[in-house]
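From just these sequences and the hints, can you work out the full model?
As a plain string of letters, each chain reads:
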Amino acid sequence: MKVKTYMSGGGILPPGFIDRVRQIVGDEHFSQQESDLISYSLDYWLYGVFLSQKGDLPALPSAVISPASAAQIQAIVRCAGEYRVPITPFGGGSGVLGGAIPLNGSVVLNLQGMSRFLDLDELSLVAEFEAGIMGANLELELNHRGYSAGNVPQSFFCSTLGGWISTRAAGQFSTKYGKIEDMVLGMEVVLPDGNLLNIKPVPRRSVGPSLKDLFLGGEGTLGIVTRATISVHPLPGLTVKQSFILPSIEKAVDVVRQILRAEARPAVVRIFDEAESERYFPGIGRKVVTIFISEGETEYTTLDARVIRRISRESGGKSSGEEPVDIWLQKRFDIGLGPVLMQYGGIVDTIEVSALFKDAAKLYRDTVAAMKAVEGALEVSGHYSHFYREGACLYITFAGIPKDPLRYYQDTWDAAMKATLQNNGSISHHHGVGFWRIQYLEQELGASGVRLLKSIKSALDPEGILNRGKLIDGGR
Amino acid sequence: MAEDKKETEKIARCAMCADMCKYSCPTYLATGRETLSPQKMARLIVYDEKGFLEDEKDFLDLMFRSAMCGACRKHCIYDDYDLRKFIHRARAKAFAKGVIPEDVRKRVDTFRKFGNPNGERELVDKGTGDTGYFISCSSYKDKDLLKATEKMLSKSGFTIRQFGGDDICCGAPLYYAGDVEGFKQASLKMKAEIEGRHLHSIIIDCPTCVRMMTETYRQAGIGLDVEIMHTVQFIESLLKQGRLGLRKKHASVTFHDPCILSYDLGLAGMPRDIITALGFNLKEPVYSGEHTHCCGGAYGAKIGDHRLKDAVTPMRLNELRQTGADIYVTACPTCKSVLSEINMKYITELVVEKIVAKR
Chain A
12 MKVKTYMSGG GILPPGFIDR VRQIVGDEHF SQQESDLISY SLDYWLYGVF
62 LSQKGDLPAL PSAVISPASA AQIQAIVRCA GEYRVPITPF GGGSGVLGGA
112 IPLNGSVVLN LQGMSRFLDL DELSLVAEFE AGIMGANLEL ELNHRGYSAG
162 NVPQSFFCST LGGWISTRAA GQFSTKYGKI EDMVLGMEVV LPDGNLLNIK
212 PVPRRSVGPS LKDLFLGGEG TLGIVTRATI SVHPLPGLTV KQSFILPSIE
262 KAVDVVRQIL RAEARPAVVR IFDEAESERY FPGIGRKVVT IFISEGETEY
312 TTLDARVIRR ISRESGGKSS GEEPVDIWLQ KRFDIGLGPV LMQYGGIVDT
362 IEVSALFKDA AKLYRDTVAA MKAVEGALEV SGHYSHFYRE GACLYITFAG
412 IPKDPLRYYQ DTWDAAMKAT LQNNGSISHH HGVGFWRIQY LEQELGASGV
462 RLLKSIKSAL DPEGILNRGK LIDGGR
Chain B
16 MAEDKKETEK IARCAMCADM CKYSCPTYLA TGRETLSPQK MARLIVYDEK
66 GFLEDEKDFL DLMFRSAMCG ACRKHCIYDD YDLRKFIHRA RAKAFAKGVI
116 PEDVRKRVDT FRKFGNPNGE RELVDKGTGD TGYFISCSSY KDKDLLKATE
166 KMLSKSGFTI RQFGGDDICC GAPLYYAGDV EGFKQASLKM KAEIEGRHLH
216 SIIIDCPTCV RMMTETYRQA GIGLDVEIMH TVQFIESLLK QGRLGLRKKH
266 ASVTFHDPCI LSYDLGLAGM PRDIITALGF NLKEPVYSGE HTHCCGGAYG
316 AKIGDHRLKD AVTPMRLNEL RQTGADIYVT ACPTCKSVLS EINMKYITEL
366 VVEKIVAKR
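Going down the list, the sequences are from chains A and B.
In terms of my numbering, the first sequence opens at residue 12 and continues consecutively.
In terms of my numbering, the second sequence opens at residue 16 and continues consecutively.
It should be emphasised that the hints constitute simulated quantities derived from the structure, not laboratory data.
Note that beta-carbon positions come from the ideal geometry of N, C-alpha and C, so glycine has one too.
It cannot be assumed that every hint is accurate.
Have a look at the derived ranges for each label pair, beta carbon to beta carbon [stated by the list, open to error]:
1) H265(B) - S437(A): 56 to 64 Å
2) E22(B) - S221(A): 46 to 54 Å
3) G219(A) - K264(B): 55 to 63 Å
Using 25 Å as the maximum straight-line C-alpha spacing, the simulated SDA-like pairs for lysine to any residue come out as follows [what the hints assert, rightly or not]:
4) K25(B) - Y355(A)
5) K298(B) - R127(A)
6) K252(A) - G189(A)
7) K108(B) - Q64(A)
8) K100(B) - I346(A)
9) K65(A) - E69(B)
10) K25(B) - T361(A)
11) K65(A) - F67(B)
12) K89(B) - D337(A)
13) K100(B) - V351(A)
14) K342(A) - H90(B)
15) K65(B) - M12(A)
16) K25(B) - P416(A)
17) K65(B) - Y355(A)
18) K13(A) - R28(B)
19) K342(A) - K89(B)
20) K468(A) - L202(A)
21) K25(B) - T408(A)
22) K429(A) - A384(A)
23) K170(B) - H213(B)
24) K13(A) - F67(B)
25) K20(B) - L348(A)
Residues of chain A placed beyond 10 Å of chain B at every Cβ, according to the derived structure [as the list claims (entries may be wrong)]:
26) P212
27) P247
28) P258
29) L314
30) R321
31) L340
Here is the structure:
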């Protein structure tokens, strides 16, 4: 093949494995065609996307297998175990840490064919889907029936339910509706030994540690999620949009802290730093803008919006009306600048971390300063989103036009992770680990934490069949 | 040269996007195959142009698996970009190399022999006036639709010249086959057919014909000095003139949005206005309007590979069946034919009995 790989090439599969898998899924659903191998070689790990312009790909799978059912996945996983062929599960391929890159000559298990809406229980407010459904289509199915899942990540149009579960994803409306771990009540998982685990949907249980939490953030290393039951909400009766200009990041973070302490639960809260405000709202310019969307049942929403307004004003916030919210709603999926910069040699990426309120503002200052100090940096900007009563997620976007792209990329990540850890933050809020963040894992979890994770992996998947080189073991 | 560079930059951007439109792509959804998603198609096109691909036949074959429906353009994060242009360019390359799929080859051969994709057929040329009704190739095969249209035109009271059949075709099958020269000749012939009849406006049932004779002809440098109107626009004008009898009906209707009608012509609202004005209860499928899915219309030659149609059509039928409507209606004769399993009707057939005849 003329494309070049820089992490691992495709492997040679045992003929017996190929024959068996073809029998399981049918010839049409087993591919070693060049076009398929290239298409499943990379997810949305942005440094990889940058290199892909020159035909450089991180790794090629040795085959792409597209099952149609959990039973087929069980049979494939058993067969892979027998022949010791590693498997990389592939959902929407929108992960930004390389979690779906087929390292070590693995086969790709393409889950996009399993994408059906299965059931809506309006009484219990839960809905069941196959894990390969795209986020936007999951929401279209629910909206059509008068409901919403309330999970709208920026990858909404290209990520799957299974991907959300596997990375512990969070959406833009998370402050009210929660993150994916708050939404999933039950799931069906194919385990590394090929057995099927059914976690029935109930509001809560007390029967030992929560098994579903092994797969919420498991990144396909501990099992393959095939279907899930999630909570849903009636479409909101009222939506109130508000925005305020506050004098500083510190002040804005404190205002949101007070609002959440007062039990208000806006669906969307975002604090944009001066650089992001200028990009989003040129009419306002370099100021700290905070936007809120309250939505839901009319009376509660009216009250929610009133509490937000009162606290923001009492804290010196100047209302900037609905317009910034509308602008954000319009631009929130526009990732168009990244590819344009990459065409001109630019390196672009995002980093999301989290911290308690006591550290949140300093985390922003230190992280942005450290990333800006890296040679080749062009722009570093940030916003807070995904708020809790206790703290928030800080989301940083960086771009540089460096002489040495890899050096710049590595140094910028190192700077961000170091500043985060020094400010008692977590190295990831919702993008996960993939392969790229493994290098920081021990600093986050400690040696005991990593050992525990490795023990869990070894107990469930002793041969390391599932998503080898991601989350737990090394792969760089 | 500068234009070429600009175009190259556009597809290179698409090849590095996160595939933000793929949730809407019917061929990707029906097959669950990442390779058919718009961004992956773009990456492969870029790789082919840069010489990074080894298996050119695999690549060129893949280019005939797009529905060319325009969902990706509709939902693109970039303005002024249409992936279909680049897929068409790749098809032209395949055509020049003689490596087009068998289905497409047969259709082109038929076209070359008879001047249309259907085969031998009678010329239709009747009526007078400067308003024309062009019988598209897919309408020509549909006797029920032709009968309803005849009645609608007659009751409308307008003098309308109907023409079609024989070798009169917009050239879409050649365009989608990548036969650039053949398409140019077909479009010049179509232009001559229109000009020879001194028409000022033309009503057409087929959204693909409408798109071809407007946007695609223009891009090919062929200008038509005539107003092209889709049938729903004509029916809407009757509605506005109070020419439709608006009686309350209890039957429920599901409208299947033809992809080109919704994505390219932007007419998704019009058929709904007509159906609800007639008193029918409109039952929307989950995927409708700007989220519609292509029917898999291989008869329209957009999808060159019947295996893909075999995946897309059942998906769309299933989506439509879920509404449980009494009547299924569309505004594309190809969609009507492809989705015939659910007794699909063309919108003219629904409204024809409601037209108040002009005295």
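Hints, one by one, checked against the model:
1. About 59 Å separates the C-beta atoms of H265(B) and S437(A), a value consistent with the hinted range of 56 to 64 Å.
2. Checked against the given bound of 46 to 54 Å, the beta carbons of E22(B) and S221(A), roughly 52 Å apart, stay inside it.
3. The given range of 55 to 63 Å is respected by G219(A) and K264(B), whose C-beta atoms sit roughly 59 Å from each other.
4. Our distance criterion of 25 Å between C-alpha atoms is met by K25(B) and Y355(A), whose separation comes to about 13 Å.
5. At most 25 Å may separate the alpha-carbon atoms for a hinted pair to count; K298(B) and R127(A) meet this at roughly 21 Å.
6. Between K252(A) and G189(A) the CA atoms are separated by roughly 19 Å; this keeps the pair inside 25 Å, and the hint holds.
7. Note on K108(B) and Q64(A): the hinted pairing holds, with a Cα-Cα distance of about 22 Å set against a maximum of 25 Å.
8. Between K100(B) and I346(A) the CA atoms are separated by roughly 22 Å; this keeps the pair inside 25 Å, and the hint holds.
9. A C-alpha spacing of about 15 Å is found between K65(A) and E69(B), which places the hinted pair at or below 25 Å, so the restraint holds.
10. In summary, the hint linking K25(B) to T361(A) is supported, as the alpha carbons are separated by about 23 Å, within the 25 Å threshold.
11. For the hint pairing K65(A) with F67(B), the CA-to-CA distance comes to about 9 Å; that is within 25 Å, so the pair holds.
12. Using a Cα cut-off of 25 Å, the hinted pair K89(B) and D337(A) holds, with the two alpha carbons roughly 21 Å apart.
13. Restraint check for K100(B) and V351(A): the C-alpha separation of about 20 Å stays at or below 25 Å, so the hint holds.
14. Restraint check for K342(A) and H90(B): the C-alpha separation of about 13 Å stays at or below 25 Å, so the hint holds.
15. Simply put, K65(B) and M12(A) have alpha-carbon atoms about 14 Å apart, close enough for the 25 Å limit, and the pair holds.
16. Using a Cα cut-off of 25 Å, the hinted pair K25(B) and P416(A) holds, with the two alpha carbons roughly 23 Å apart.
17. Using a Cα cut-off of 25 Å, the hinted pair K65(B) and Y355(A) holds, with the two alpha carbons roughly 17 Å apart.
18. About 22 Å separates the Cα atoms of K13(A) and R28(B), which keeps this hinted pair within 25 Å; it holds.
19. For the suggested pair K342(A) and K89(B), the alpha carbons sit about 16 Å apart, so the restraint of at most 25 Å is met.
20. Straight-line distance between C-alpha atoms of K468(A) and L202(A) comes to about 11 Å, which keeps the hinted pair within the 25 Å bound.
21. For the hint pairing K25(B) with T408(A), the CA-to-CA distance comes to about 23 Å; that is within 25 Å, so the pair holds.
22. Between the alpha carbons of K429(A) and A384(A) the distance comes to roughly 13 Å, so the proposed pair stays at or under 25 Å and holds.
23. The straight-line distance between the Cα atoms of K170(B) and H213(B) is roughly 23 Å, inside the 25 Å bound, and the hint therefore holds.
24. Of the supplied pair hints, the one linking K13(A) and F67(B) holds, its CA atoms being roughly 5 Å apart against a limit of 25 Å.
25. At most 25 Å may separate the alpha-carbon atoms for a hinted pair to count; K20(B) and L348(A) meet this at roughly 18 Å.
26. P212(A), annotated as away from the interface, keeps every beta carbon of chain B farther than 10 Å; the closest lies near 23 Å.
27. Non-interface status of P247(A) relative to chain B is upheld: no Cβ of that chain comes within 10 Å, the nearest being about 20 Å off.
28. With a least CB separation of 34 Å from chain B, P258(A) remains clear of the 10 Å interface cut-off, as annotated.
29. Its beta-carbon lying about 34 Å from the closest one in chain B, L314(A) satisfies the requirement of being farther than 10 Å from that chain.
30. The Cβ of R321(A) lies farther than 10 Å from every Cβ of chain B, with a closest approach of about 38 Å, so its non-interface assignment holds.
31. Distance check for L340(A) against chain B: the nearest CB is about 15 Å away, which clears 10 Å, and the non-interface claim stands.
Violated hints: none; the structure is consistent with every hint.
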